[in-house]
Amino acid sequence: MFRFFIRRVALTLPTFVALMFVTFVAVRLVPGDPIEARTGERGIAPERLAMLRHELGLDRPVWQQFLDYANGIVHGDFGVSIVTKTPVLHEFAILFPATLELTLCGLIFAIVLGIPAGVIAAVKRGSFFDHSVMTVALTGYSMPIFWWGLLLIMFMSEYLGLTPVSGRMDLINYYFEPVTGFMLIDSLLSGQEGAFGSAVAHLILPSIVLGTIPLAVIARMTRSSMLEVLGEDYVRTARAKGLSPLRVVGLHALRNALIPVVTVIGLQTGTLLAGAVLTETIFAWPGVGKWLIESIARRDYPALQGGIMLISGIVILVNLIVDLTYVAINPRIRHG
Amino acid sequence: MSLLSIRNLSVTFATGRGPFRAVDKVDLDVATGELVAIVGESGSGKSVAMLAVMGLLPWTATVTADRLSFDGKDLLALSPRERRKIIGRDLAMIFQEPMSSLNPCFTVGFQLREAMAAHLDLDKAARQARAIELLELVGIPEPERRLKAFPHQLSGGMSQRVMIAMALACRPKLIIADEPTTALDVTIQAQILDLLLRLQKDSGVGLVLITHDMGVVAETAQRVCVHYAGQQVEMQPTRGLFRDPHHPYTSALLAALPERASGRILPSIPGVVPGLADRPAGCLFSPRCRFATQTCRTIPPPRAGAELGYALCHTPLVEGHPRGLKKLEVPA
Ligand SMILES: Nc1ncnc2c1ncn2[C@@H]1O[C@H](COP(=O)(O)OP(=O)(O)O)[C@@H](O)[C@H]1O
Ligand SMILES: [Mg+2]
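Heads up: the sequence lines are chains Y and U, in that order.
First residue of the first sequence? That's 1 in our numbering, and the numbers climb one at a time after it.
First residue of the second sequence? That's 1001 in our numbering, and the numbers climb one at a time after it.
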C-alpha cells in the first residue's frame, strides 16, 4: 500500500512538467500580447510599446521567460497578474471557493440523482423507467452546456420566475464579508435571515447545468456496472441467505458495482472544472472560470499560466485521491 | 411425511429465440435426514430445478408446479417476504463455484454472521461465537483470523468450506448441494465431499446432492433421480437403480462406467443432449437410445409406476431387456 502510494505520487511529477510546458506555449499561441490587448484599437507608440514590454520582461528570449516561470512555480511563486498587479495565487485563492462550491454542488446533484437512477434502471431493466433514464441520460450527455444553461434560465428564471438569473447572492438585500468563501457557509455565519435561502437559490441552476453531463455519465455507468454485478454468483448467494432485496441490491451488489463508478466520478472532475468555466460565464458566477476567460481577453499571461496550472494541479490531485480511494474500497487490491 | 415434496415442476425461460423449457415435469421427495442424489449430463436442468425450489431464478424464468412444498408449507403460495424467512434458515444451498459465490468486498466473518443476523435471535457476541464454532466445524484452522479474511485470500477448497459453514449457520432442515466439488482440485474434492457427508450424518439434515460422481452416489445416496434434457427419466432407491436400471439412459450411464459403481466421473455416452432447436417429437432420448422404436421417436413416452422406477419410457427395461415390446417393432 505504501509503495503503491509512493509510485502513484511519483507518476504525477512528469505530468506536472509537461503541463507547465504546455500552458506556457498555449498561452503564447493566442495572437497579441498583454500590452496590445490593453491598448486596443487606439494603438500605441512603438517606443512606449517597447518600454512596457521591457518592463514586463516580454522582450527577453522565450526560453528565458520559460525558465523564470518554471523556477517561480517550483518555488511556489505563480507570478503577478499584469492587469491587477496582485499575486496570481492570491487572486486564485479568493476566487476558487466560488468555483469549488459550484463544482461540489454540481457533483452532488449528479451523484445523488445518478446513482439511484442507475441502480433502479438496472434492477428494472427493460422497464419504462429504464428506457426513460437512458434516454434522458443520452440527451443530457449530448446537450451543449451553453445552450442548456440559457434554456434553463429562460424557462426557470424568465418564464416561471423561480430562480435568480446570475451571481451567487442577492446583494441588494444582503451583505456580509466572506469568511470561508463558500456562500452557503458564509450566509449561515452572517446570521442574516434569508441569506442562506438566497445562496441556495443562486446555486440551483448552475449546479444543474454543470452536473448534467456527469449525471448522465454516472447514471449510465452505474446501470451497466450494476447489471453486470447482479448476475454474479455472490449476489445469488446473498439472496440464498434470505436477505431483503434492499440489502442484496443496496449492499452486496452496489458495493461491488460502485468500484468502477467511483473511478468514473473521479475522472469527471476534469470535465466538471472545464464545465465550470462555461457555467460561470453563463451565470456571471464570480469564480476561477470566469476569471480565466477574462484573463484570456486581457492576454494576462501570468494569470492564465498560473490559473491553468493551479486548476490542473487540482485535477491531478483529485485523480490521485480517486486512485487511492479505489484501492481503499477494493479489498482485492488493498491486500494484493 | 416428506420435508421437500415436488410434483410436476417445470421451468421455462423466455429467451431471444422463444421460450425454452429447461425443467420439464420433475418430481422429488426428500425426507428429514435423507440423502437424495440427482445425476445427469450437464445442461439437463438439475441446477435450474433446485434454484426454482430456492426461488433464485432470474426474472426470465417461469416456474410452475402441481406441488412445491417444504416443511408443510406451499412455497408457491408464500409471499416473497415469507419465503425469504425460510430460505437461508431452513433451506440452504451450496453452489458449484465457491470462489465466485463469496462477495469479494466483505470479510468471511461478515458474510457468515449476516445469515444469522437475518434469521436468528442472537446478539453480536453470540453470532461471533457461532461463526468461530462453524469454521471449526468445517475444519478451518485459526477461525478467528479467517473470519477477518477476504474471499480472495482463500483457496477454492477453503471457500467451499466457508460456503458449507454458511449453509449450516442457521441449522437448516434441508441442504441442496449443487455439484459442490466439481470446480475444485481433484485432490481436495474427496475432502470436501467427506466433510459434507459427515456433517449431514451428524446433524441429520436432509441433503439433495447434485453430482457427477456415480461412485459417491452408490456409497451414500438413499435414492437417485436421473435427469435428461430437463426431464426426470428415472427415480429409484440407490441399490435398485444400480442393480436393475429401468430407463435405457440410466442403463447406458451405468454400462459406460469403467467398473460398475466405483467409477469416478459420470461416463459419456455417444451423442448429445438435444437443445432448443433439435428436440425430437417423441422421447427426448430416442436419438441416442439403443432400443428406440418408431413409437419412441414419434410419441412422448408415459411415466411408469414405482415398480419400474417411474421410468419415462415406452419400453422400460427389466434386467436389461425392453419390456412389452411389440413383436413387429424390432429395435433399430
Ligand atoms: N438464465 C437462463 N436463461 C436461459 N437458459 C438457461 C438459464 N439458466 C440455465 N439455462 C438453461 O437451462 C438448461 C439447464 O441448465 P442447468 O440446470 O444449469 O443444467 P445442469 O443440469 O448442468 O445443472 C441449460 O440448457 C441452460 O442453458
Ligand atoms: Mg448445474
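Be aware that one or more of the hints could be misleading.
Here are the simulated SDA-like cross-link-like pairs (lysine to any residue), alpha carbons at most 20 Å apart as the crow flies [what the hints assert, rightly or not]:
no., chain 1, residue 1, chain 2, residue 2
1, U, K1085, Y, S244
2, U, K1085, Y, R247
3, U, K1124, Y, I329
4, Y, K124, U, Q1222
5, Y, K124, U, A1061
6, U, K1085, Y, P245
7, U, K1148, Y, P331
8, U, K1148, Y, D170
9, U, K1085, Y, I329
10, U, K1025, U, S1010
11, Y, K124, U, I1132
12, U, K1124, U, M1099
13, U, K1148, Y, L246
14, Y, K124, U, S1010
15, Y, K124, U, H1152
Hints are computed from structural coordinates only; laboratory data are not their basis.
Next on the checklist: Would the hint linking K1085/U and S244/Y be met if the CA-CA limit is 20 Å?
Outcome noted: 10 Å, holds
Next on the checklist: So if I understand the rule, the pair passes when the alpha-carbon distance is 20 Å or less; does K124/Y with A1061/U pass?
Outcome noted: Between K124/Y and A1061/U the Cα gap is close to 15 Å, so the pair holds against 20 Å.
Next on the checklist: For K1148/U and D170/Y, compute the direct alpha-carbon distance and say whether it is at most 20 Å.
Outcome noted: Since the Cα atoms of K1148/U and D170/Y sit roughly 55 Å apart, the hinted pair is violated (cutoff 20 Å).
Next on the checklist: Hint check: K1124/U vs I329/Y, CA-CA at most 20 Å. Holds or violated?
Outcome noted: 24 Å, violated
Next on the checklist: Checking one constraint from the list: CA of K1085/U to CA of P245/Y, max 20 Å. Satisfied?
Outcome noted: Roughly 13 Å separates the two Cα atoms, so the pair holds.
Checklist entry - Does the alpha-carbon distance linking K1085/U and R247/Y stay inside the 20 Å limit? => result 14 Å, holds
Item to check | Restraint check for K1148/U with P331/Y, where alpha carbons must lie at most 20 Å apart | outcome: OK: K1148/U and P331/Y at ~12 Å, within 20 Å.
Checklist entry - Are K124/Y and H1152/U close enough, with their CA atoms no more than 20 Å apart? => result 30 Å, violated
Next on the checklist: Against the 20 Å threshold, does the CA-CA distance of K124/Y and Q1222/U hold or violate the hint?
Outcome noted: Violated, because 43 Å separates the two Cα atoms, which is more than 20 Å.
Checklist entry - CA of K1148/U to CA of L246/Y, is that 20 Å or under? => result Roughly 25 Å separates the two Cα atoms, so the pair is violated.
Next on the checklist: Please verify whether K124/Y and I1132/U have alpha carbons no more than 20 Å apart.
Outcome noted: The hint is violated at about 39 Å.
Item to check | Pair hint K1085/U and I329/Y, alpha-carbon separation not exceeding 20 Å | outcome: Between K1085/U and I329/Y the Cα gap is close to 31 Å, so the pair fails against 20 Å, i.e. violated.
Going through the hint list in order, the structure does not satisfy hints 3, 4, 8, 9, 11, 12, 13, 14, 15.
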